[in-house]
Amino acid sequence: MRFGVIRFPGSCDEVDALMACERFGEAELLWHADPDLRGVDAVIIPGGFSYGDYLRAGAIARFAPAMESVGEFALRGGPVLGICNGFQVLCEAGLLPGALLTNESTRFVCRQVQLEVVNRDTPFTRACEKDEPLSIPVKHTTGRYYAPESALDELEAHGQVVLRYAEGQNPNGSMRDIAGICNSQKNVMGLMPHPEHAVDPLTGSDSGGRLFASLAAHVGELLAAA
Amino acid sequence: MTRARVLIRPKEGILDPQGQAVERALPALGFEGVTNVRVGRLVELEVEDTSQVRAMCERLLANPLIEDYEVHVVENAGSPA
Numbered sequence: 001m002r003f004g005v006i007r008f009p010g011s012c013d014e015v016d017a018l019m020a021c022e023r024f025g026e027a028e029l030l031w032h033a034d035p036d037l038r039g040v041d042a043v044i045i046p047g048g049f050s051y052g053d054y055l056r057a058g059a060i061a062r063f064a065p066a067m068e069s070v071g072e073f074a075l076r077g078g079p080v081l082g083i084c085n086g087f088q089v090l091c092e093a094g095l096l097p098g099a100l101l102t103n104e105s106t107r108f109v110c111r112q113v114q115l116e117v118v119n120r121d122t123p124f125t126r127a128c129e130k131d132e133p134l135s136i137p138v139k140h141t142t143g144r145y146y147a148p149e150s151a152l153d154e155l156e157a158h159g160q161v162v163l164r165y166a167e168g169q170n171p172n173g174s175m176r177d178i179a180g181i182c183n184s185q186k187n188v189m190g191l192m193p194h195p196e197h198a199v200d201p202l203t204g205s206d207s208g209g210r211l212f213a214s215l216a217a218h219v220g221e222l223l224a225a226a
Numbered sequence: 001m002t003r004a005r006v007l008i009r010p011k012e013g014i015l016d017p018q019g020q021a022v023e024r025a026l027p028a029l030g031f032e033g034v035t036n037v038r039v040g041r042l043v044e045l046e047v048e049d050t051s052q053v054r055a056m057c058e059r060l061l062a063n064p065l066i067e068d069y070e071v072h073v074v075e076n077a078g079s080p081a
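If you read the sequences in order, they're chains A and B. The first sequence: position 153 = 153 (our numbering), numbered continuously. The second sequence: position 81 = 81 (our numbering), numbered continuously.
Chain A extracted, bound-state conformation (with noise of 0.2 Å):
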């Protein structure tokens, strides 16, 4: 299978992203003013700063070429993973639901978390092991999670909360101490935590690497199907 990571002007995270997916199968760079996805089976939007974060995190970029043809791919049902920046971008980009908001602490945090697996049902998360947490860090200003209290519920009811912060490890205030979430479809999901900083045991922890071992599964199965 082939990842595709999606590079804007003011990304940073996109090699690392990169570097993580081809532990786990193929991955190209692709640019934002570029609409053509090249055929990828799943696309990656990294972390960074996005057109500066001009206006609000993720505003300038979902308007970018490439990202229309993100909107096509997930609505056809190709599995999209929006990290940190990207989560902010596919917010703003009506992808998932809610908004990222400034820190509870209005500072910078970066540090390692540990992330329950809400729900391990996902393209994302099935190769997550029952009861183990993941260890993956943050780093981040505007990560504060925000929907309105009924769409958190509806959230909730359809397993689309689909990581937690660990209990009194919530790093920026986000509500029900959200990290990651995905679309009813279940085939978009953003995270403020970086899995692709977390993929090789001499960083401190390997289990980021679940998430891209999740996505190559996924994907296999569908093009074995196919």
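Quick caveat, the hints were computed from the structure, so don't treat them as lab data. Nothing here was measured: the structure is a model prediction, and the numbers come from that model. A hint or two may mislead.
To be verified - Taking lysine-lysine pairs in the DSS-like style, the calculated list, with each CA pair at most 30 Å apart, reads: (1) A:K186 to A:K139; (2) A:K130 to B:K11; (3) B:K11 to A:K186; (4) A:K130 to A:K186.
For chain A, the structure is supplied; the task is to place chain B on it using the hints.
Here is chain B on its own, set in the frame of chain A:
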């Protein structure tokens, strides 16, 4: 061209840590009796058709899920040639 001014602020009920930080800082400078500080954004623009500004707010300038906005038409920026 007409000058329009768009005021954008966090929606009522949404925690505004920036506003809180400012509110905490003011007494340190001797300004007492300040409450409910909210920090938002001001966007100024010159437009040919002011009827489009609300649509610009809905699609880009504001995020209606988390922000309220007000559009003020300020003045004629210049007379047509």
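**K11 (chain B) paired with K186 (chain A) [C-alpha distance capped at 30 Å]** = Satisfied, since the Cα-Cα distance of roughly 29 Å is no more than 30 Å.
**Request:** Below or equal to 30 Å on CA atoms is what counts here, so check K186 (chain A) against K139 (chain A).
**Result:** holds, 25 Å
**Message:** So if I understand the rule, the pair passes when the alpha-carbon distance is 30 Å or less; does K130 (chain A) with K186 (chain A) pass?
**Reply:** holds, 19 Å
**Prompt:** Are the Cα positions of K130 (chain A) and K11 (chain B) separated by 30 Å at most?
**Reply:** violated, 39 Å
Hint 2 alone, counting from the list given before, is not met by this structure.
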